[in-house]
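Residue strings, one per chain:
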Amino acid sequence: MIGNFPFVVCMILIALGLWTLLTRRNLIKLTIGISLIESGVNLFLVTLGYVRGGVAPIYTYAPPGAKMVLPTPQALTLTSIVIGLATTALMLAFAVVIYRHRGTLDARKIRELRG
Amino acid sequence: MKWIKVGAFLVMVGFLVGVAAWMHPFGVPWASEMDDYFIANAQVEAGANNVVTSVVFDYRGFDTLGEATVLLCAVVGVALVLRRTRR
Amino acid sequence: MSVVVRTIARIIVPMILAFGAYVIMHGHLTPGGGFQGGAVIASAIALLLVVFGSGRLAGHKNLLSLLEDLGAIAFVALAFLGIGCTFFRNVLAGSGGLFGMPVPPGPNPGFLNTGGTLPLMNWAVGLKVAAGLGSVVLLLGLFGGGDDR
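Protein chains in written order, with our numbering: chain A, 1 to 115; chain B, 1 to 87; chain C, 1 to 149.
Quick caveat, the hints were computed from the structure, so don't treat them as lab data. Bear in mind that the values here come from a model prediction, so they are computed numbers and not experimental data. Check the hints yourself; a few may be wrong.
[Said to hold, decoys possible] Here are the computed lysine to aspartate or glutamate pairs in the EDC-like style, where the Cα-Cα straight-line distance is at most 16 Å: (1) A:K67 / B:E33; (2) A:K109 / A:E38; (3) A:K67 / B:D36.
[Unchecked claim] Quick look at which bits of chain A chain C covers, simulated, 3 or more residues with Cβ under 8 Å: (4) 52-60; (5) 87-94.
[Stated by the list, open to error] Chain A stretches covered by chain B per the calculated footprint, using a threshold of three residues with CB under 8 Å from any CB of chain B: (6) 17-23; (7) 103-109.
By construction, the Cβ of each residue, glycine as well, lies at the ideal position given by its N, Cα and C atoms.
Start from the sequences and build out the full structure, keeping to the hints where you can.
Here it is as structure tokens:
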């Protein structure tokens, strides 16, 4: 009996990402924090669809008569993973360009306007 | 200022963990009629053993279309940001 | 990179490509599908980029962009196949033709000739994801080529 422990683990992962976003100033570390939050949300979606004693919703050599976990959260998580990957790629590209133009990755120094 | 930040973070973490701990129990989905229909009928209607694939590409194909569009936009954005500038 | 890394990469890249093609091709039977197999193939491109440097791969940038557009167009065209009933209708499933074998309900060993348009869409999306992620990695590696290496 594990209770709601998987949900709590996902929330702890999201909290770690939030802490990273609040305390770090490096753009790469901010990207890592956003990726952590994405991972937590994806994990939370998958754990929401778990059925106790269920197998993966695939009929190839499935054990006969077994319950299956819900397929829709998994499909939406697949969508979410690809979108998170696209945003991560875009954020890293912006970080590279900002470092090339400003010579720093500190978010506080980038924020101030200078010509 | 620092303590306000830490306090707000702790309140947020407490809210998240409390919600997670007081949700409906793990392993007992709340509403699963649609998924039961998918599991029961996906093999006949979509003709695939993998129910997740039939949900992604058949029942919810528009989601996948939007996702492919997002991926295309991301690649175009990266190519636009990292283009070769002449100086 | 050194000669050891180059030799191992020459051995291991065809294996990665074959595994990615397997994941895409059996996407309607086993865990996997277009997105996952495309990511595996893109990891092969990343390995090539790390080992051989971005200079030798620079000529393939336009080819990757072309392949990605081709995948997107093939995906939308496959969705338009079912426009007689509705968008994204699976017209090939159960028709007896290409990928149209009716599936016996319940657990079965899995037959490759099933799934209707799903395997074709898996191939289109796999091509799109592999070329898209590969071109992203290649662009990140190519940026500012002169003074970084």
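| field | Unmet hints by their number, sorted upward, for this structure | value | 2, 7
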